[in-house]
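Engineer: Going down the list, the sequences are from chains Y and B.
Residue numbering for the first sequence follows our numbering, beginning at 452 and increasing consecutively.
Residue numbering for the second sequence follows our numbering, beginning at 1173 and increasing consecutively.
Think of the hints as simulated: they come from the structure by calculation, not from any bench.
Glycine included, every Cβ here is placed at the ideal spot set by N, Cα and C.
Be aware that a few hints might be false.
Stated by the list, open to error - Just the calculated beta-carbon pair ranges, DEER-fashion:
#1 1268/B with 516/Y: 16 to 26 Å
#2 520/Y with 1187/B: 39 to 49 Å
#3 473/Y with 1232/B: 44 to 54 Å
#4 1232/B with 491/Y: 36 to 46 Å
#5 564/Y with 1255/B: 29 to 39 Å
#6 473/Y with 1279/B: 25 to 35 Å
#7 492/Y with 1225/B: 27 to 37 Å
#8 473/Y with 1270/B: 16 to 26 Å
#9 520/Y with 1201/B: 29 to 39 Å
#10 1232/B with 524/Y: 22 to 32 Å
Stated by the list, open to error - A few chain B positions that, by computed beta-carbon distances, are all more than 12 Å from chain Y:
#11 1181
#12 1187
#13 1189
#14 1198
#15 1226
#16 1227
#17 1234
#18 1238
#19 1242
#20 1244
#21 1262
#22 1269
#23 1276
#24 1280
#25 1286
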Amino acid sequence: ETGVTQSPTHLIKTRGQQVTLRCSSQSGHNTVSWYQQALGQGPQFIFQYYREEENGRGNFPPRFSGLQFPNYSSELNVNALELDDSALYLCASGTRAPTSYNEQFFGPGTRLTVL
Amino acid sequence: AQSVTQLGSHVSVSEGALVLLRCNYSSSVPPYLFWYVQYPNQGLQLLLKYTSAATLVKGINGFEAEFKKSETSFHLTKPSAHMSDAAEYFCAVSFNIQGAQKLVFGQGTRLTINP
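Start from the sequences, fold in the hints, and give me the full structure.
Structural biologist: Encoded structure:
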């Protein structure tokens, strides 16, 4: 158990819809990162939030956006869903380490299916 | 740019046999390296990490990995496989982008244990 929770566990949407995924970080953690894991692939970095602002983004379009709240919760929003957005979405919480490394703790993920 | 290559998408060993999962990395700076395990329908669990201390790193569940700079490798081993080791294993390298800590994962290796 990492203390990081995600909801919902599973979600089915249709193409063009919008979706919000939620993550609850460990108490005391000030960063949250989101990853997309397509079937049979390794996770891909979407972005990281620190102090409620986006702080680094991977190769994902602007229709992927996020929010981070002071109460250790966060959201991943995806607009105009496409079939290729079907994946397991993982959030990871940790503490900021700009020049070194601090462990990130992963949640169990939300499996999104886009039909 | 940082990248990770896992050699072999599937590895099958007998119970009690040696487990060897291969990982090679590319990094322009001294890397932080990790092995994660993912059980079906679950998130990622950290097995072990290399953060520039000892080159032989011991992790949980009897796994260990050796950092070899000359070979740019970080292979994962376990002397004696157990049925409960059956899972997907991911090698990852961490680096900082715009102050955010990003994990770059390999494609994963599915480990099957034969009785």
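Engineer: Can the suggested window of 16 to 26 Å be confirmed for the beta-carbon pair residue 473/Y and residue 1270/B?
Structural biologist: Roughly 25 Å apart at Cβ, these two residues keep to the hinted range, so it holds.
Engineer: The output says residue 1242/B does not contact chain Y. Does that hold with a beta carbon cutoff of 12 Å?
Structural biologist: Since the minimum Cβ distance to chain Y is about 22 Å, residue 1242/B lies beyond 12 Å and the statement holds.
Engineer: Is it true that the C-beta distance of residue 1232/B to residue 524/Y lies inside 22 to 32 Å, as the hint says?
Structural biologist: Between residue 1232/B and residue 524/Y, where Cβ atoms are some 28 Å apart, the hint holds.
Engineer: Does 25 to 35 Å hold as the CB distance between residue 473/Y and residue 1279/B, or does it fail?
Structural biologist: For residue 1279/B against residue 473/Y, whose Cβ atoms are near 28 Å apart, the range 25 to 35 Å holds.
Engineer: Minimum C-beta separation from residue 1276/B to chain Y exceeding 12 Å: can you confirm that?
Structural biologist: Its Cβ does come within 12 Å of chain Y, the nearest being 7 Å, so this is violated.
Engineer: Is the distance from the Cβ of residue 1232/B to the Cβ of residue 491/Y consistent with 36 to 46 Å?
Structural biologist: violated, 25 Å
Engineer: Over 12 Å to the closest beta carbon of chain Y is the bar; see if residue 1189/B clears it.
Structural biologist: holds, 25 Å
Engineer: Over 12 Å to the closest beta carbon of chain Y is the bar; see if residue 1187/B clears it.
Structural biologist: At roughly 25 Å from the nearest Cβ of chain Y, residue 1187/B sits farther out than 12 Å, so the non-interface label holds.
Engineer: Kindly confirm whether 16 to 26 Å is satisfied by the beta carbon distance between residue 1268/B and residue 516/Y.
Structural biologist: With a Cβ separation near 22 Å, residue 1268/B and residue 516/Y satisfy 16 to 26 Å, so the hint holds.
Engineer: Should the label of residue 1227/B as a non-interface residue stand, given a Cβ cut-off of 12 Å to chain Y?
Structural biologist: At roughly 17 Å from the nearest Cβ of chain Y, residue 1227/B sits farther out than 12 Å, so the non-interface label holds.
Engineer: Was residue 1234/B rightly flagged as not at the interface, with every chain Y Cβ beyond 12 Å?
Structural biologist: Holds, since 20 Å exceeds 12 Å.
Engineer: Verify this label for me: residue 1244/B is non-interface relative to chain Y, using a Cβ-Cβ cutoff of 12 Å.
Structural biologist: At about 18 Å from chain Y, residue 1244/B clears the 12 Å cut-off, so the statement holds.
When each numbered hint is compared with the structure, violations occur for hints 3, 4, 11, 21, 22, 23, 24.
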